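Enquirer: Taken in order, these protein sequences are the chains called F, C and P. Under our numbering, the residue at position 334 of the first sequence is numbered 340, and the numbers go up by one with no gaps. Under our numbering, the residue at position 8 of the second sequence is numbered 18, and the numbers go up by one with no gaps. Under our numbering, the residue at position 21 of the third sequence is numbered 23, and the numbers go up by one with no gaps.
Calculated directly from the structure, the hints in this document are not laboratory data. Being a predicted model, the structure only gives us computed values, none of them experimental. Watch out, some of these pointers could steer you wrong.
[Claimed, not checked] Derived Cβ-Cβ restraints for the label pairs, each shown as a range:
no.	chain 1	residue 1	chain 2	residue 2	range
1	F	279	P	451	49 to 55 Å
2	C	83	P	232	45 to 51 Å
3	C	119	P	539	27 to 33 Å
4	F	228	C	132	39 to 45 Å
5	P	514	C	94	36 to 42 Å
6	P	539	C	78	20 to 26 Å
Ideal Cβ positions, reconstructed from N, Cα and C, are used throughout, including at glycine.
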Amino acid sequence: MSTVVSFLVGVLVGLAGLGIVVLSRRAGTARTRRDLGTEAEQVTYETLHTAWSAAPPLRAGLSQDTARKAARHLRGLLRAPALAITDGEHRLAWDGTADQHADAAVALAATAFRTGKVSVLGPDRVACADPSCTLRYAVAAPIAVEGEVQAVLTAYSAEESAGLARAAAEVARWASGQLELAELDRSKARLIEAEVRALRAQISPHFIYNSLTAIASFVRTDPARARNLLLEFADFTRYSFRRHGEFTTLAEELNSIDQYLNLERARFGERLSVTLQISPEVLPVAVPFLCLQPLVENAVQHGMEDRADGCHITILAQDGGSEALISVEDDGAGMDPEACRRMLSGKGDAGGGIALGNIDERLRQVYGHEYGLVVETALGAGTKVKLRVPKHRVGVHAT
Amino acid sequence: MTPRPRRVAVTRQTVRTGSSGAGFRVAAEIDDDTELGDTYMRALMGAQLRLGLLVCLTVCGALAALPIAFELFPALGAASLFGLRVPWLLLGVVVFPVLVAGAWLYVRQAERNERRFVATVDATVDEGDQP
Amino acid sequence: MNSTYSVIAVAIVVTATVLIGANGLRLSRTTSDFYVASRTVSPWWNASAIGGEYLSAASFLGVAGLIFAYGADMLWFAVGYTAGYLVLLTLVAAPLRRSGAYTLPDFAEERLASVPVRRIASLLTVGIGWLYLLPQLQGAGLTLYTVTGLSPLVGAVAVAVVVVVNVMAGGMRSITIVQAVQFWLKLAAITIPMVFLLLAWQHDGAPTPTGPTPPAFTERTTVRVNSAVTVRVNEPVRVTVTGVVDGHRLRESPVRLSTGTHRIDQGTSVTFSAGAVVPQVTSIPATTGDQWALPLSGTSGDHSLYVVYSLIVATFLGVMGLPHVIVRFYTNPNGWAARRTTVVLLVLLGVFYVQLPLYGMFGRLYTPELLMTGRTDATILLLPARLIGGIGGDLLSALVAGGAFAAFLSTASGLTVAVAGVISRNTLRRFGITGFRVAAVGAMTVPLAMTLVSSRLSVADVVGLAFAVAASSLCPLVVLGIWWRRLTSVGAAAGMTVGGGLALTAGLLTLVGAAQPGWWMDLLRWPAAWTVPIGFAVMIGVSLATPGSTPPGVARLMARLHAPESLGLRSTADREEAAQ
Numbered sequence: 007m008s009t010v011v012s013f014l015v016g017v018l019v020g021l022a023g024l025g026i027v028v029l030s031r032r033a034g035t036a037r038t039r040r041d042l043g044t045e046a047e048q049v050t051y052e053t054l055h056t057a058w059s060a061a062p063p064l065r066a067g068l069s070q071d072t073a074r075k076a077a078r079h080l081r082g083l084l085r086a087p088a089l090a091i092t093d094g095e096h097r098l099a100w101d102g103t104a105d106q107h108a109d110a111a112v113a114l115a116a117t118a119f120r121t122g123k124v125s126v127l128g129p130d131r132v133a134c135a136d137p138s139c140t141l142r143y144a145v146a147a148p149i150a151v152e153g154e155v156q157a158v159l160t161a162y163s164a165e166e167s168a169g170l171a172r173a174a175a176e177v178a179r180w181a182s183g184q185l186e187l188a189e190l191d192r193s194k195a196r197l198i199e200a201e202v203r204a205l206r207a208q209i210s211p212h213f214i215y216n217s218l219t220a221i222a223s224f225v226r227t228d229p230a231r232a233r234n235l236l237l238e239f240a241d242f243t244r245y246s247f248r249r250h251g252e253f254t255t256l257a258e259e260l261n262s263i264d265q266y267l268n269l270e271r272a273r274f275g276e277r278l279s280v281t282l283q284i285s286p287e288v289l290p291v292a293v294p295f296l297c298l299q300p301l302v303e304n305a306v307q308h309g310m311e312d313r314a315d316g317c318h319i320t321i322l323a324q325d326g327g328s329e330a331l332i333s334v335e336d337d338g339a340g341m342d343p344e345a346c347r348r349m350l351s352g353k354g355d356a357g358g359g360i361a362l363g364n365i366d367e368r369l370r371q372v373y374g375h376e377y378g379l380v381v382e383t384a385l386g387a388g389t390k391v392k393l394r395v396p397k398h399r400v401g402v403h404a405t
Numbered sequence: 011m012t013p014r015p016r017r018v019a020v021t022r023q024t025v026r027t028g029s030s031g032a033g034f035r036v037a038a039e040i041d042d043d044t045e046l047g048d049t050y051m052r053a054l055m056g057a058q059l060r061l062g063l064l065v066c067l068t069v070c071g072a073l074a075a076l077p078i079a080f081e082l083f084p085a086l087g088a089a090s091l092f093g094l095r096v097p098w099l100l101l102g103v104v105v106f107p108v109l110v111a112g113a114w115l116y117v118r119q120a121e122r123n124e125r126r127f128v129a130t131v132d133a134t135v136d137e138g139d140q141p
Numbered sequence: 003m004n005s006t007y008s009v010i011a012v013a014i015v016v017t018a019t020v021l022i023g024a025n026g027l028r029l030s031r032t033t034s035d036f037y038v039a040s041r042t043v044s045p046w047w048n049a050s051a052i053g054g055e056y057l058s059a060a061s062f063l064g065v066a067g068l069i070f071a072y073g074a075d076m077l078w079f080a081v082g083y084t085a086g087y088l089v090l091l092t093l094v095a096a097p098l099r100r101s102g103a104y105t106l107p108d109f110a111e112e113r114l115a116s117v118p119v120r121r122i123a124s125l126l127t128v129g130i131g132w133l134y135l136l137p138q139l140q141g142a143g144l145t146l147y148t149v150t151g152l153s154p155l156v157g158a159v160a161v162a163v164v165v166v167v168n169v170m171a172g173g174m175r176s177i178t179i180v181q182a183v184q185f186w187l188k189l190a191a192i193t194i195p196m197v198f199l200l201l202a203w204q205h206d207g208a209p210t211p212t213g214p215t216p217p218a219f220t221e222r223t224t225v226r227v228n229s230a231v232t233v234r235v236n237e238p239v240r241v242t243v244t245g246v247v248d249g250h251r252l253r254e255s256p257v258r259l260s261t262g263t264h265r266i267d268q269g270t271s272v273t274f275s276a277g278a279v280v281p282q283v284t285s286i287p288a289t290t291g292d293q294w295a296l297p298l299s300g301t302s303g304d305h306s307l308y309v310v311y312s313l314i315v316a317t318f319l320g321v322m323g324l325p326h327v328i329v330r331f332y333t334n335p336n337g338w339a340a341r342r343t344t345v346v347l348l349v350l351l352g353v354f355y356v357q358l359p360l361y362g363m364f365g366r367l368y369t370p371e372l373l374m375t376g377r378t379d380a381t382i383l384l385l386p387a388r389l390i391g392g393i394g395g396d397l398l399s400a401l402v403a404g405g406a407f408a409a410f411l412s413t414a415s416g417l418t419v420a421v422a423g424v425i426s427r428n429t430l431r432r433f434g435i436t437g438f439r440v441a442a443v444g445a446m447t448v449p450l451a452m453t454l455v456s457s458r459l460s461v462a463d464v465v466g467l468a469f470a471v472a473a474s475s476l477c478p479l480v481v482l483g484i485w486w487r488r489l490t491s492v493g494a495a496a497g498m499t500v501g502g503g504l505a506l507t508a509g510l511l512t513l514v515g516a517a518q519p520g521w522w523m524d525l526l527r528w529p530a531a532w533t534v535p536i537g538f539a540v541m542i543g544v545s546l547a548t549p550g551s552t553p554p555g556v557a558r559l560m561a562r563l564h565a566p567e568s569l570g571l572r573s574t575a576d577r578e579e580a581a582q
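For reference, chain F alone in the conformation it holds in the complex (with noise of 0.2 Å):
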């Protein structure tokens, strides 16, 4: 009996393991079939792939260092022994054997560069004294960007190829794409720049009607602090049109914000209060110029409308590690999600909207997509704006 039993169940394991390999065939089969594709499908991954290992260098814009970053990714494209990059006067990158080509470069690119269209250049051009050089013809692909030719690129190779002079073209047409790109970027951070200016010249005037008119209030009745807030208003002025980089220090951004409390208490009096909680180790931290003062701003002016008995304010520094948390307050009229919503993405509408979706922008620029604000709020609800400043980046310093 036990002998049928051990058969039997040699049999069905053998069955299951069998089930279990032809299964797994066929799922990896499949697999195999959808996923890696032709020799010729391959192919095609590899150069996409090295195409956009060689974007980010361009990406920045063309100099002497994104074209040596980019010239290697170029050459493997093109699968040539040498590339050069050159712009009308200066040879910008070279890559591959036998340098001593490298000065010649500027002056074989020089038809490309003029006439705008790929020249080919043979052996009576390209070839050097060095019997073991293979390097005897070249191709010169003009690289320009918005119809102005910027660079040019230059492939050598040992042989006359026409494939070679293709693939070239196409390649210089994609890396003006990528500088095309680039200067669309460089287009963002100046209108950025101009928001930034429209911002200062938005809130200024409101403001020193105000102000002014604060400090009139005290004149003959304290004059001593009218004088006092005469000073303050000078300060933050002064730091407001300063002209400077983009970038401050948080304990000067905290020290105007400062100052404009003041100005806005002599206004309102006791009914704004605000409590500050300021760790001294985020104050060395550079942060984006007028990065939290228009949200002071803000907080003022939404926690002091419509409102009888005041309002209070809180603005937080905290030390974060290698972050700084700061964070304004206030617990006014609040605003509808949504609205907030529209603001980040900079659909607001004038008048307190610009604020928002402006700093937000910046510091996303700078830092990257997991900085930007974060607002927490609610119709009636008050406001709370929260902002993460890591305390070091690269090119980030204040002046």
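Given chain F's structure and the hints, the job is docking chains C and P onto it.
Expert: For chains C and P alone, coordinates are given in the frame of chain F:
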């Protein structure tokens, strides 16, 4: 009717230098990566490096010479001064005030170097518009 | 010794840490005279905070224990731990602050504009942090064991859990004031007992441990061995044993321990009569008082001179690479404040470290039994009760225990925050604060696992390894990055990898016991003397060989690092504006 005088076309004559005012001339050179700015910077760096190495190597070198001294002169290691063995006196007590003194002298001189650098930079400024 | 007070002191310290970490310090202002800019941290506060985080288990207990066990050569630890800051001051402090970097990987990225270099620096920072965390946990375990008798693992796990919970609950704020207060607490915990110990010592006739004999029990002493040890007896001695010695189970039996090694099992009590020479654990060679007081007397092996120099190189150059130290320099508002903070710090450290040789000496006089159990690190904890006795001694011991625990918690917190910050910045950035919390758990798990696995790693060895790795990899990066224009990213990467890798390998081989005695073992155990020059050489050589990978804009960067703050260099945006 007297003929009207002919108008003369006028444009702004001076060329903008791009300077934002007093105190920034040499700083502008440093900013603009020119040869002149580089020279200033190298001078300061050289002075600070020499000072740093001088203090560091003097103090640390003196300390680092002690093991060899103890190796070569065992009597030094066994001697006593003020009731304490010399190695313990030097390494357990004397070394700390020496480190503090070296540090303080370094900071004083380094700040002096920097103040002199700033004074030199500002001294080469033309009168420009006040900031 | 009545350890109730000590337990209470430890409990108070732990509770205070957790409370402050969870709630932060509420320093709010509602008045109108709040001038924010003047609230930057003054050099005294910042230096106290750095000192508070820097004075770790190794400083607090370890150095005194080492001096007690091995003698004059171990003085170099205290000297090195302090002198490293002079090197930092003269070569690194102000420029590093001006670079705006928060951590050393930040500096690497700023200076070399290369992400791979930042990643290597991050890996090394995390590794050094882990190596430095390990002795904190061990020290905590030892303290709790000495005070309460609980297994050392309990203390280690307790500190690990408290720190991680604290950090996760928002304790990632590196509150300067809290750390500063911790420093002064530690200083008090060391100084106040020292005053009383000195008085008691004077009262005792001010004996010194120098002399032609090895340490001996001054009175009839019973030593309880809580983990198995192998001791070497140089002179036959009569003892009374309850427990297991050399495999023989005995009970209140008089035994004559002959010359040679003997194995004493866990839980054994051995009673010595007054004047009996202390049999020392085999890892601590027995020396006479005179030998102990002599430098280079071979207590650290046959190649004392090499060991001392390796120690000097590692500590002098390794301080600048410690992760939790560098981040505190960021709090200074500018380069000048960074320099002044370092000077103040040297004063504070000097006041602290000058007392440790005294503790070592007292240990040799009054707690010689620790030479038998091998746990010489516990000497500071035991001395007050031993020498002063009574309730005063218990209170002082409680003070020391509290201070020791404060040391572990603050250093472990600082390291965990620094390491977790580096981990989350590199890998978990998308997740924000949650990522940081996860990283904090990870930052603590590895050292804790290492503690549980390796029961008797020498604290000094692990700390020395951390310094050696820092000195061989991060020191060249920072020094060359600040002063040498031709440093390239390839060179930096190569130098860090080779220097740090060699030091790490050498250390790990030693820790797993793969080293054979002789020159080889000393070279591996104290690698800094050869790994640091190799690190520098590789970095310089590879940089010279790859001139193409120098990042652009080096001159501007150098200007920013070295130009004094009052000069006011403009930024790029301003120059573009002026050019339009």
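Enquirer: Evaluate each hint against the coordinates.
Expert: Hint-by-hint comparison with the structure:
no., hint, result
1, 279(F) to 451(P): 49 to 55 Å, "holds (51 Å)"
2, 83(C) to 232(P): 45 to 51 Å, "violated (37 Å)"
3, 119(C) to 539(P): 27 to 33 Å, "holds (31 Å)"
4, 228(F) to 132(C): 39 to 45 Å, "holds (41 Å)"
5, 514(P) to 94(C): 36 to 42 Å, "holds (40 Å)"
6, 539(P) to 78(C): 20 to 26 Å, "holds (23 Å)"
Consistency with the previously given hints fails for number 2 only.
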